[in-house]
Amino acid sequence: MTPVHPVRHLLRARDLIDARYREQLDVPTLARAAHLSPAHFAREFRRAFGETPHRYLVTRRLERAAALLRSTDRPVADVCLAVGLRSVGSFTTSFGRAFGLSPTAYRATQPPAVQRAYVPTCVLQAYARAGQNSSFREDSRAAGG
Amino acid sequence: MLKQLTNVQVWVNDQDEALAFYTDRLGLELREDVTVPEMGNFRWLTVGVPGQPDVAIALMAIPGPPVFDDETREKIHALLARGVSGGLFFATDDVQATYEELKSRGVEFTQEPTEQPYGIDAGFRDPSGNHFRMAQRG
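Heads up: the sequence lines are chains E and Z, in that order.
Note that numbering that gives the first Met the number 0 numbers the first sequence so that position 130 is 129, with each residue one more than the last.
Note that numbering that gives the first Met the number 0 numbers the second sequence so that position 41 is 40, with each residue one more than the last.
Careful, some of the hints might be misleading.
[What the hints assert, rightly or not] Over the 12 Å line for every Cβ pair with chain Z, so calculated as not near, a few chain E residues:
| id | residue |
| --- | --- |
| 1 | M0 |
| 2 | H8 |
| 3 | R13 |
| 4 | D72 |
| 5 | G88 |
| 6 | T103 |
| 7 | V118 |
| 8 | R128 |
[Claimed, not checked] If you want the footprint, here are the derived chain Z segments under chain E, 3+ residues with CB under 8 Å:
| id | stretch |
| --- | --- |
| 9 | 3-16 |
| 10 | 45-55 |
| 11 | 99-109 |
| 12 | 117-126 |
Quick caveat, the hints were computed from the structure, so don't treat them as lab data.
Glycine included, C-beta positions come from ideal geometry on N, C-alpha and C.
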């Protein structure tokens, strides 16, 4: 039997973020999914995926928030809470840093093409997160890195 | 002109583990399992969706020398574990029921059934880290 690559366990933690970003995920929960101690987890995650688990979680939430802004007419505060962020103020700030517009302005500029191009969600999730050159403070206690 | 797509290839960490996963957990059927001694015991292992006999998924072990040098082989292993591979899309008549069925058999899901503009879909992985999706068209 070929041994399991150690990074495969870290992928489980990243998958957990993708599946349960709406919940208040903390470092011990994510570390457990990766079979690592909380102390080692963030460092190993970063080594495997090039960013901290905290940053991955925040950018996933912002990406999902953008999707809700495009596809629903739910109020911005609802969207914020729906993706697991608790402060509308810091959501607006983080969103602006990631997408260059406030959530409301972002919603207003969405071209109709987004609704017509049926891109699979996995493609959307892979391409629509914020780039590596921005930092986020949101929820740093929840999944610090 | 090309006529038909017949096989797609998926790299797997371990062929025995993959065979058990794709048949017992995903419910695919074994198509071919042939080991070729004169080719360094290369094992041609394919599975397919029951009822769709003309397309098979080849579960390919990552070969060492002379096909790949050890460094290349290890890189492919590492990339699989990072979840960069996959890209097979399955169709189902009932995503929710299939999700529950596969979940009860221990399949790891990356996304629960979710409404999309094109229908309902869900995402899952194989033991190697390959990412797949299934969709029920709306």
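Hints numbered earlier in the text: which of these fail when held up against the supplied structure?
Checked against the structure, the hints that fail are numbers 1, 2, 3, 7 and 10, while the rest are satisfied.
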